[in-house]
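Quick note, the sequences are listed as chains A and B, same order.
If you read the first sequence in my numbering, its first letter stands for residue 1, the second for the next number, and so on.
If you read the second sequence in my numbering, its first letter stands for residue 466, the second for the next number, and so on.
Misleading hints may appear alongside valid ones.
To be verified - Quick list of in silico lysine-lysine cross-link-like pairs, BS3-like style, CA-CA up to 30 Å:
(1) K769(B) <-> K68(A)
(2) K67(A) <-> K633(B)
(3) K343(A) <-> K897(B)
(4) K897(B) <-> K93(A)
(5) K597(B) <-> K313(A)
(6) K93(A) <-> K769(B)
(7) K682(B) <-> K377(A)
(8) K377(A) <-> K844(B)
(9) K661(B) <-> K313(A)
(10) K560(B) <-> K377(A)
(11) K844(B) <-> K682(B)
(12) K362(A) <-> K377(A)
(13) K597(B) <-> K586(B)
(14) K367(A) <-> K313(A)
(15) K144(A) <-> K844(B)
(16) K343(A) <-> K283(A)
(17) K498(B) <-> K650(B)
(18) K650(B) <-> K313(A)
(19) K377(A) <-> K509(B)
(20) K367(A) <-> K661(B)
(21) K897(B) <-> K367(A)
(22) K844(B) <-> K313(A)
(23) K597(B) <-> K144(A)
(24) K169(A) <-> K93(A)
(25) K586(B) <-> K377(A)
As the list claims (entries may be wrong) - Simulated restraints on C-beta separations:
(26) H189(A) <-> E618(B): 15 to 23 Å
(27) E192(A) <-> G858(B): 54 to 62 Å
(28) S581(B) <-> E192(A): 33 to 41 Å
(29) A197(A) <-> K509(B): 44 to 52 Å
Calculated from the structure, these hints are not laboratory results.
Built from N, CA and C at the ideal position, the CB exists for glycine as well.
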Amino acid sequence: MFRLNILRLALLGFLLTVPDAVHAAIFYPTHFTLGNGLEVIVVPNHVAPVVTQMVWYKVGASDEVGKKRGIAHYLEHLMFRGTPSIPDGEFSKIIASQGGTENAFTSYDYTAYFETVAADRLPMIMQMEADRMHNLVIAPDTAKPELSVVLNERQQRTDNNPIGRFVEKVRHTLLPHHPYGLPLIGFRHQIESLTAADAQAFYNAHYAPNNAVVVISGDVTPDDVMRLAASIYGAVPRRDVEARRALPPATLPKSGSFSMVDAGIEQPQVELHIVVPSYHTQKQQEAYAYEVLNAILDEGESGLLYRRLVRGKGLASGVASSYDPDARGDADLTIAISPAPEKKVAQVEKALRDTLNDLAQKGLDDKAVNDAKARLKREAIFARDSLMMPGYVFGSALATGHSVAAVEAWPQRIEAVTTEQVNDALRDMLKNPHTLVAELLPDPHASQAAREAAQPVLSQDRGVR
Amino acid sequence: MMKRFLTVALILAAFAVPSLARATTIQEVTSPKGIHAWLVEDHKLPIIDISFAFRGGVEQDPVDKQGLCSLATTLLTEGAGNYDAVAYQQILSEKSIGIGFEAGRDAITGHAKFLSADQAKAFELLRLALAKPRFDQADITRMRTEFIGAIREQFGSPDWQGRNALLKEVFAGHPYSMRRLGSEKSLNAITRDDIKGFAAEHLARSNLVVAVAGDIKPDDLAAMLDQVFGALPAEAKLMPVTDAPWPATPTHVVVTREGTQTGLLFAWRGPKRSDPDWYALEVANYVIGGGGFASRLMHEVREKRGLTYGIDTHLSAMEHAGMIAGDAAIDNNKVAESWRVAHETIRDFYDNGITQAEMTAAKDYLTGAMPMAMTSTDKAASAMLGLQLEHLGPHFFDDYPGIIHALTLEQINQAIRRWYDPDAISFSMVGKPEGIADATYKPMVRE
């Protein structure tokens with residue numbers, strides 16, 4: 001009967017999702033809120049008989065207070081350590097025994113858990129997430145070995161990894177006195193002080209249906225999901241959670257630049273960090289102009305920066321840009337450049353600045369802007385070819401104060417960006433006082449032994465958790 | 466408490482029955498010129514994905530010109546026909562057409578993904594890359610410099626050092642012991658004629674395998690096959706490669722490196738894909754180390770004792786050899802304890818086999834995970850390419866659950882006795898592991 005239902009409604013779903021050529025959206029979701037405040041988003045995708053569920057809590061490392069830094073991430077680990085009905089270790093085993101995959105991750109503004117299983121197992125994974133949404137019990141005897149795992153993770157990602165050490169210092173310098181400036185995982189001494197009781201308190205204060213978003217994408221229909229969500233998640237009681245505090249305003253770094261010499265580095269890297277508005281902090285849609293600008297600066301081998309700095313002058317071996325506007329606070333636009341061997345770092349840095357100033361002065365032309373907009377809009381189509389993407393996009397948007405409608409209007413808002421707005425964004429960016437130039441340099445005096453000691457042991461990530 | 470547990474157990478029971486009769490349909494398409502492809506036709510999204518391969522990869526490199534296959538492969542998208550490297554990359558970017566090649570051990574793989582509206586341009590660029598690569602001297606020099614940079618970075622990577630040390634021992638004298646990127650010396654020995662010759666001899670129709678998924682009809686695909694691949698020579702000239710031997714006694718190498726952690730890589734001789742034990746070993750591997758948080762090694766070493774962030778094992782089937790391998794990163798002063806725990810876990814697995822419950826869990830996982838291979842256009846194409854490279858048929862996905870469910874506990878435990886001898890494990894460790902006496906100590910490779 002279940003299958004019949006799916007077939008019948010699949011037809012309906014298909015009609016609903018025929019894209020309107022003029023106002024193309026992205027995912028054409030169904031969005032509803034249960035009586036207990038839980039928001040649910042459904043994106044049917046019938047490419048395979050598979051479903052992905054992502055559960056997002058509107059809490060992350062930037063919600064931590066006092067000395068308990070790293071508690072959001074530690075709690076994420078402990079969410080797999082058991083409820084009365086699904087004991088320690090069973091969560092992963094159950095998912096695996098069904099052929100599924102699961103994991104979780106923590107960020108500054110949100111914490112997310114996800115599973116991918118055969119579509120007819122959706123009720124099972126809903127039941128499991130609903131269970132740990134309100135029944136988690138953190139026992140000291142399981143919390144303790146998990147703390148070693150977290151310390152190991154910090155060792156592998158940060159202490160034992162020159163890039164990790166650099167990223168930590170960049171954040172700390174770029175955003176002093178701001179939660180975004182602290183390491184997400186916590187400093188070692190802070191992690192060591194965390195207890196099972198701390199994690200339970202953080203869970204009680206933040207985990208509730210009224211502080212969560214569930215995104216379901218895959219071989220399902222909105223009607224079926226609505227029915228299942230109402231009966232399974234609807235049974236989780238609403239609970240008062242701590243109101244989210246607004247982030248403090250960002251303050252300027254003490255100095256506009258720093259160099260970090262690290263024995264573990266062979267290839268120097270220069271990064272230009274500029275703190276610019278996010279979707280949440282923008283005043284006049286300028287985040288969309290920054291997205292177009294970022295797409296121009298990040299075009300890769302045929303991009304303006306690559307052509308001038310890598311191919312033209314041979315000063316760099318690579319250049320890239322990144323910008324993620326999904327944040328409660330301001331976002332960090334980063335332009336990174338790798339000086340070519342034998343080239344002076346200062347010379348490369350100056351050439352990058354000169355090139356940006358030159359682009360700002362002459363202005364980017366309509367072709368550059370229109371090409372970038374076309375690429376971004378194609379990306380929106382490619383995004384539909386993935387079960388995880390709807391979860392990422394809606395989850396991070398809703399957890400940072402953005403809306404479903406704004407996500408769906410994204411292609412139109414990108415289309416509406418004018419060449420003038422992109423040039424304004426570029427000029428604003430270059431005179432923005434909240435800027436940091438960070439250099440990561442090899443240590444020419446380090447011995448071979450010291451160089452080896454400073455490098456990571458395993459480069460590959462072994463699951464986010 | 467008990468009641469809730471029962472509820473979950475009941476839900477599991479209700480949904481544990483595999484009901485995935487609906488495997489994706491794979492069509493076989495043959496072009497007028499006789500070029501064959503597998504197709505999963507799906508018009509819901511305006512996206513086409515082509516995955517293809519030419520059998521014969523890095524193994525084909527001459528010993529004194531290691532890196533040739535990788536260099537030639539990389540240069541295919543650095544200018545072709547009338548487009549120089551800049552123009553070629555520019556047009557890919559403008560149309561968001563992704564075209565890329567990669568040199569694998571046994572095959573050169575290629576991949577193209579684009580919106581169906583841009584297919585004419587994508588087909589033309591793909592045809593040019595294969596049939597008319599320019600190999601301009603300036604681009605050869607630029608990519609060679611990039612490779613030399615990458616090789617220097619490899620020397621700093623404990624992962625690479627460990628793999629290189631182990632493969633050099635277990636595949637001594639066989640092409641599988643060669644380095645994918647070669648060395649600075651071997652790269653400098655490669656001429657433009659070598660590169661042109663390599664492409665001319667290895668990119669042909671006789672060793673070509675194609676898989677396509679997405680918004681394309683069979684007739685249009687047939688025309689595309691001739692347009693893109695039709696101009697290639699009919700026969701590839703491949704150097705014959707023999708099956709790789711495996712040493713009778715295990716190898717234990719420690720590559721000395723400063724730092725607080727040790728990278729561990731351990732391996733047994735493993736089955737080739739065609740081995741009758743293959744499927745039994747898929748189940749066995751899941752239980753010992755392939756099942757992530759559900760595996761015995763992860764449970765003993767990470768979950769119970771917090772000795773590492775992760776430890777896992779996998780089956781690695783190559784065209785001319787097989788390997789069962791595992792890895793982990795461990796603090797130097799915990800290596801001896803971790804290895805002892807891992808070793809005891811493997812010995813128990815070898816002596817006593819797995820339980821009925823573990824077998825059931827592994828079978829549920831393997832059959833349940835199968836549809837995950839096809840959850841996007843590129844995954845579907847890549848899964849079909851993998852099947853063809855492994856000499857499997859288009860009905861594999863239909864047959865697989867039956868094959869797995871038919872395995873008996875006895876078959877699996879007998880296979881474990883044949884392959885997982887705890888005294889036959891070779892390993893390499895990279896770091897300063899404490900308390901590992903029984904090993905050959907070597908310095909890191911630096912040229």
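Here is what the structure says about each hint:
1. K769(B) <-> K68(A): holds, 25 Å
2. K67(A) <-> K633(B): Measuring from Cα to Cα gives roughly 50 Å; hence the hint is violated.
3. K343(A) <-> K897(B): violated, 35 Å
4. K897(B) <-> K93(A): violated, 34 Å
5. K597(B) <-> K313(A): holds, 28 Å
6. K93(A) <-> K769(B): Holds. K93(A) to K769(B) sits at ~15 Å (cutoff 30 Å).
7. K682(B) <-> K377(A): The hint holds at about 25 Å.
8. K377(A) <-> K844(B): holds, 22 Å
9. K661(B) <-> K313(A): Roughly 29 Å between the alpha carbons, so the hint for K661(B) and K313(A) holds.
10. K560(B) <-> K377(A): holds, 11 Å
11. K844(B) <-> K682(B): holds, 19 Å
12. K362(A) <-> K377(A): Holds, at roughly 26 Å.
13. K597(B) <-> K586(B): Cα-Cα ~15 Å, so holds.
14. K367(A) <-> K313(A): holds, 24 Å
15. K144(A) <-> K844(B): violated, 39 Å
16. K343(A) <-> K283(A): violated, 41 Å
17. K498(B) <-> K650(B): Distance of about 42 Å is beyond 30 Å: violated.
18. K650(B) <-> K313(A): Holds, at about 27 Å.
19. K377(A) <-> K509(B): holds, 18 Å
20. K367(A) <-> K661(B): violated, 37 Å
21. K897(B) <-> K367(A): violated, 56 Å
22. K844(B) <-> K313(A): violated, 39 Å
23. K597(B) <-> K144(A): Measuring from Cα to Cα gives roughly 61 Å; hence the hint is violated.
24. K169(A) <-> K93(A): violated, 38 Å
25. K586(B) <-> K377(A): Given that 30 Å is the threshold and the Cα spacing comes to 19 Å, the pair holds.
26. H189(A) <-> E618(B): 15 to 23 Å: The hinted range 15 to 23 Å is violated for H189(A) and E618(B), with Cβ atoms some 33 Å apart.
27. E192(A) <-> G858(B): 54 to 62 Å: Because 56 Å falls inside the window, the suggested range holds.
28. S581(B) <-> E192(A): 33 to 41 Å: violated, 55 Å
29. A197(A) <-> K509(B): 44 to 52 Å: Given a distance of about 50 Å, which is inside 44 to 52 Å, the answer is holds.
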